[in-house]
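Student: Read off the chains here:
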Amino acid sequence: MSKTRKIKMSTGYKIFNVINHILLLILVFVTVYPMYYIFIVSISNGIYVSRGEVYLLPKGITLSAYKTVFQNSDIWRAYLNTIIYTTVGTAINIVLSSMCAYPLSRKDFYGRPVFTFIVAFTMFMSGGMIPLYLVVLKLGLIDTIWSIVLPPAINTFNMIIMRTFFQDIPVSLQESAFLDGANDLQILWKIILPLSKPIMATMVLFYAVQHWNSFFSALIYLNSKSKYPVQILLRNIVIAGEFADQQTSIGNVESNFAVVAMNYKYAVIIISVVPILMVYPFLQKHFAKGVMIGALKG
Amino acid sequence: MKKSYAKTVVLFLCLVMALSLVTGCAKPAGNSSGADTGNQSATAPTQAADNTEKSSGKISEKERVLKVMFPEHPNQPVKNFAPAQQEIFKKTNIKLDFEVVPSSNYEDKKKILLATNNLPDIIRISKSDVNDYGTTGIFLPLMDYVKNDMVYFKEKWENIPDLIKVTLDGELYGFPVIARNEAKNGVGPVIRVDLLKKHNLKTPDTFDELLDVLAKLKEIYPNSIPWSMRSGTVKNIQKIAYMLGSGYGDDGIYYDYDVDGGRYVFGPATKEFKNVLSYLNKAYKMGVLDPDYAVSTKQQWEENLTSGKSFFFLDNSGFGLNYTNNLRKTDPEATFQIIPIPANQDGVRRAVFYATVFTGEMYAVNAKIKDPDTVIKFIDWMYSEEGSNITNFGVEGETFYIDENGQPQFIADYVAKFKDAQPSPYYAIYSDLGITKLNFSLWACNTMTQFQIEKLTGTWSDLYDEYWTIVGNDKAYVEPVMDPPLTAEEAERVKDILASLNTMLEQEYDKFIIGVKDISEYDAVIEKAIEMGALELEQIYNNALARLQQ
Numbered sequence: 001m002s003k004t005r006k007i008k009m010s011t012g013y014k015i016f017n018v019i020n021h022i023l024l025l026i027l028v029f030v031t032v033y034p035m036y037y038i039f040i041v042s043i044s045n046g047i048y049v050s051r052g053e054v055y056l057l058p059k060g061i062t063l064s065a066y067k068t069v070f071q072n073s074d075i076w077r078a079y080l081n082t083i084i085y086t087t088v089g090t091a092i093n094i095v096l097s098s099m100c101a102y103p104l105s106r107k108d109f110y111g112r113p114v115f116t117f118i119v120a121f122t123m124f125m126s127g128g129m130i131p132l133y134l135v136v137l138k139l140g141l142i143d144t145i146w147s148i149v150l151p152p153a154i155n156t157f158n159m160i161i162m163r164t165f166f167q168d169i170p171v172s173l174q175e176s177a178f179l180d181g182a183n184d185l186q187i188l189w190k191i192i193l194p195l196s197k198p199i200m201a202t203m204v205l206f207y208a209v210q211h212w213n214s215f216f217s218a219l220i221y222l223n224s225k226s227k228y229p230v231q232i233l234l235r236n237i238v239i240a241g242e243f244a245d246q247q248t249s250i251g252n253v254e255s256n257f258a259v260v261a262m263n264y265k266y267a268v269i270i271i272s273v274v275p276i277l278m279v280y281p282f283l284q285k286h287f288a289k290g291v292m293i294g295a296l297k298g
Numbered sequence: 299m300k301k302s303y304a305k306t307v308v309l310f311l312c313l314v315m316a317l318s319l320v321t322g323c324a325k326p327a328g329n330s331s332g333a334d335t336g337n338q339s340a341t342a343p344t345q346a347a348d349n350t351e352k353s354s355g356k357i358s359e360k361e362r363v364l365k366v367m368f369p370e371h372p373n374q375p376v377k378n379f380a381p382a383q384q385e386i387f388k389k390t391n392i393k394l395d396f397e398v399v400p401s402s403n404y405e406d407k408k409k410i411l412l413a414t415n416n417l418p419d420i421i422r423i424s425k426s427d428v429n430d431y432g433t434t435g436i437f438l439p440l441m442d443y444v445k446n447d448m449v450y451f452k453e454k455w456e457n458i459p460d461l462i463k464v465t466l467d468g469e470l471y472g473f474p475v476i477a478r479n480e481a482k483n484g485v486g487p488v489i490r491v492d493l494l495k496k497h498n499l500k501t502p503d504t505f506d507e508l509l510d511v512l513a514k515l516k517e518i519y520p521n522s523i524p525w526s527m528r529s530g531t532v533k534n535i536q537k538i539a540y541m542l543g544s545g546y547g548d549d550g551i552y553y554d555y556d557v558d559g560g561r562y563v564f565g566p567a568t569k570e571f572k573n574v575l576s577y578l579n580k581a582y583k584m585g586v587l588d589p590d591y592a593v594s595t596k597q598q599w600e601e602n603l604t605s606g607k608s609f610f611f612l613d614n615s616g617f618g619l620n621y622t623n624n625l626r627k628t629d630p631e632a633t634f635q636i637i638p639i640p641a642n643q644d645g646v647r648r649a650v651f652y653a654t655v656f657t658g659e660m661y662a663v664n665a666k667i668k669d670p671d672t673v674i675k676f677i678d679w680m681y682s683e684e685g686s687n688i689t690n691f692g693v694e695g696e697t698f699y700i701d702e703n704g705q706p707q708f709i710a711d712y713v714a715k716f717k718d719a720q721p722s723p724y725y726a727i728y729s730d731l732g733i734t735k736l737n738f739s740l741w742a743c744n745t746m747t748q749f750q751i752e753k754l755t756g757t758w759s760d761l762y763d764e765y766w767t768i769v770g771n772d773k774a775y776v777e778p779v780m781d782p783p784l785t786a787e788e789a790e791r792v793k794d795i796l797a798s799l800n801t802m803l804e805q806e807y808d809k810f811i812i813g814v815k816d817i818s819e820y821d822a823v824i825e826k827a828i829e830m831g832a833l834e835l836e837q838i839y840n841n842a843l844a845r846l847q848q
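First to last, the protein sequences are chains A and B.
Under our numbering, read the first sequence as residues 1 to 298, first letter to last.
Under our numbering, read the second sequence as residues 299 to 848, first letter to last.
Hints may be right or wrong, so weigh each one.
Computed list of lysine to aspartate or glutamate pairs in DMTMM-like fashion (alpha-carbon distance at most 20 Å, straight line) [unchecked claim]:
| id | chain 1 | residue 1 | chain 2 | residue 2 |
| --- | --- | --- | --- | --- |
| 1 | B | Lys596 | A | Glu53 |
| 2 | A | Lys59 | B | Glu601 |
| 3 | A | Lys67 | B | Asp730 |
| 4 | B | Lys583 | B | Asp730 |
| 5 | A | Lys67 | B | Asp718 |
| 6 | B | Lys627 | A | Asp168 |
| 7 | A | Lys59 | B | Asp629 |
| 8 | B | Lys607 | A | Glu53 |
| 9 | A | Lys265 | B | Glu601 |
| 10 | B | Lys377 | A | Asp74 |
| 11 | A | Lys227 | B | Asp406 |
| 12 | B | Lys425 | B | Glu405 |
| 13 | A | Lys227 | B | Glu601 |
| 14 | B | Lys377 | A | Asp143 |
| 15 | B | Lys516 | B | Asp590 |
| 16 | B | Lys407 | A | Asp143 |
Keep in mind that the hints were calculated from the coordinates and are not lab data.
Given only the sequences and the hints, what does the whole structure look like? Please build it.
Tutor: In structure tokens form, the structure reads like this:
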């Protein structure tokens, strides 16, 4: 079948194809190489790195940079904290966002334009850092997990994507559920959510990545080191590396060991990125579909 | 119609409910924080100076917790209640509770706490915070305590007259961290001495000879970049300007010992500054200076030096020893070593040490603190020999002993445990004990402890001794001068002038170095700089200095 239907490719098309592939390959290289470079530097010997000899293949493979990072005993606890903040935070996000999005998606919701406006307004105006800090302080949330997970409980933009998705579910479904005696919560739980798996997966990913990467709220709201998420520690390592500029730098990190600042930093980047990167493949299918549906028909 | 009316009512009720919930929640929280501040402010400085001479003989009668906030450097993770803090608790009954903030974002957090007046008991601040927040009343004014109640700190205060520059309108708002036995070094010329020897080149004694030597090396190694730089034009002008008879400071304004017996000068607006630019221009034209000097990053700079592509740098001279170690992995002869400061075109040798005695860090006390007298006593004790030994060497008998000269020395058995620790033995020890400058120490060690530990672990080498001897014997270095405190209006004016002035100037430097403009055209730039307020800047600083000296 397929043989008979095959259309003969014209020369022009062939050339186009070749050029297309080359361009795409270059594009792939450009996007993948930085990640690859970070990886090979993180496992190379510092001497070769500082001499600029590592660019295609790792040289003098060693894991000492990773060892150095993990020798910092705070890292493990911080990892645990990050996982807790991410799961608790994402759960709160999803519950509250969908409970906010559903009423706003219903055309028969009284005062809908007003509420939509009030909610959307926060996308463009915010109180600013200091007022926010004062609110968190007065609510007694400082130095607790709630200061991390509650202030960003609903991301307006994500919520609106969700609302738009809910709007596209035929109203007749909900009406028939009503006729069968279901109330609003039951409709949300039994009709809407089961139909919204793609958007839910997308939101989980959006929110989880946001929590995973967030460091600033933890920085200002948390005081005890034991509550710090991993990003704070890692960021400190990456940024504060340029330390010796103004001081007697003899025997600095860079001198005595095979680990130079760059290995160390790149190992840190790998460590912080890989776990969340591993989540993507599992959600990717829903992810692409979900965003598209939300956006295109919005 | 009826239905929608009912809905409006329901909606209204919902709103009322939600609002009452919010206010209901807010109340207890508001109360508790009110009680909090009440507690802290119920501390009218009772003149309890005599009462504190208590039976326990410790600084605090009762067990007391003090919250201290300071930045944490990634090389030295801070543990709460490490041995040094346990020892402090034993001696003084004061339990230090550290709130550490990653150093990369310490400024952000500090600014928020200062702006919301939500400080811990003791907080690390910088000199500029004193200018910005000193008059707002969030820091405890300290001058009276220094004069009347303090012993150890007062002694230091009187011995280091320069410290008066951390005051604001005669009032002290933070205790400066004072360095103890710090080895001094600074920006200096570092060259591949092994290559000089190999090719029979004389160690350059003047800056002109330096260029000649580098040019010869360039002839021998045509692919090399003899002189590498990092971090941009301005940073490098900052480093070299003073040696060449001008100066730059941080923003152009600097203190020159040799002008009118010492005064502030705005470097780029002087005739002397032309020497700096023409010298760099000469280096550029001769092919000695890295053609990419203006955009070269630290990483590229390091790459050039450790791969043997570059032979000279003028930067933190301590780096030389690090790069030597790296170079020797492939070339066992290779050696970067500092050379004495060469003479400039006027035959003068000058250079500045890094600030060592006071590096700009201070600890302020919360104005709302309870029983400030005890806290001040405690802080005073931190400046004592005993306090400093504990906060820099740990526990006497366990981690250090006092030698015959009365100086603390680390115990070798203790240090040996950290021989292979990462990122380096001394950082690991500092972190383990909770000591030195990067922890909470007021009379703080940095190099003194580091040298001791390196000598004990065997990472010390002869090159280090040679380095410190050369720096130590070089008479060219002078102490840096701490800027005098400016009033709020002065600081504002300085900021204004500098912003426009430096924007104008920074565009010019490269034109002269690369040679797009001839150096004679720089006179016009000087004129323009003076027009834009360069002399006013000098005046502001010199007046501030004179005010202080009165």
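Student: Compare the structure with each hint and give your call.
Tutor: Hints versus structure:
1. B:Lys596 to A:Glu53: It holds: about 16 Å lies between the C-alpha atoms, which stays within 20 Å.
2. A:Lys59 to B:Glu601: Roughly 15 Å between the alpha carbons, so the hint for Lys59 of chain A and Glu601 of chain B holds.
3. A:Lys67 to B:Asp730: 18 Å, holds
4. B:Lys583 to B:Asp730: 52 Å, violated
5. A:Lys67 to B:Asp718: Satisfied, since the Cα-Cα distance of roughly 12 Å is no more than 20 Å.
6. B:Lys627 to A:Asp168: Roughly 67 Å between the alpha carbons, so the hint for Lys627 of chain B and Asp168 of chain A is violated.
7. A:Lys59 to B:Asp629: 18 Å, holds
8. B:Lys607 to A:Glu53: 13 Å, holds
9. A:Lys265 to B:Glu601: 17 Å, holds
10. B:Lys377 to A:Asp74: 9 Å, holds
11. A:Lys227 to B:Asp406: The hint holds at about 18 Å.
12. B:Lys425 to B:Glu405: 13 Å, holds
13. A:Lys227 to B:Glu601: Distance of about 38 Å is beyond 20 Å: violated.
14. B:Lys377 to A:Asp143: Holds, because 18 Å separates the two Cα atoms, which is no more than 20 Å.
15. B:Lys516 to B:Asp590: 16 Å, holds
16. B:Lys407 to A:Asp143: Measuring from Cα to Cα gives roughly 13 Å; hence the hint holds.
In the structure shown, a violation is registered for the earlier hints numbered 4, 6 and 13, in ascending order.
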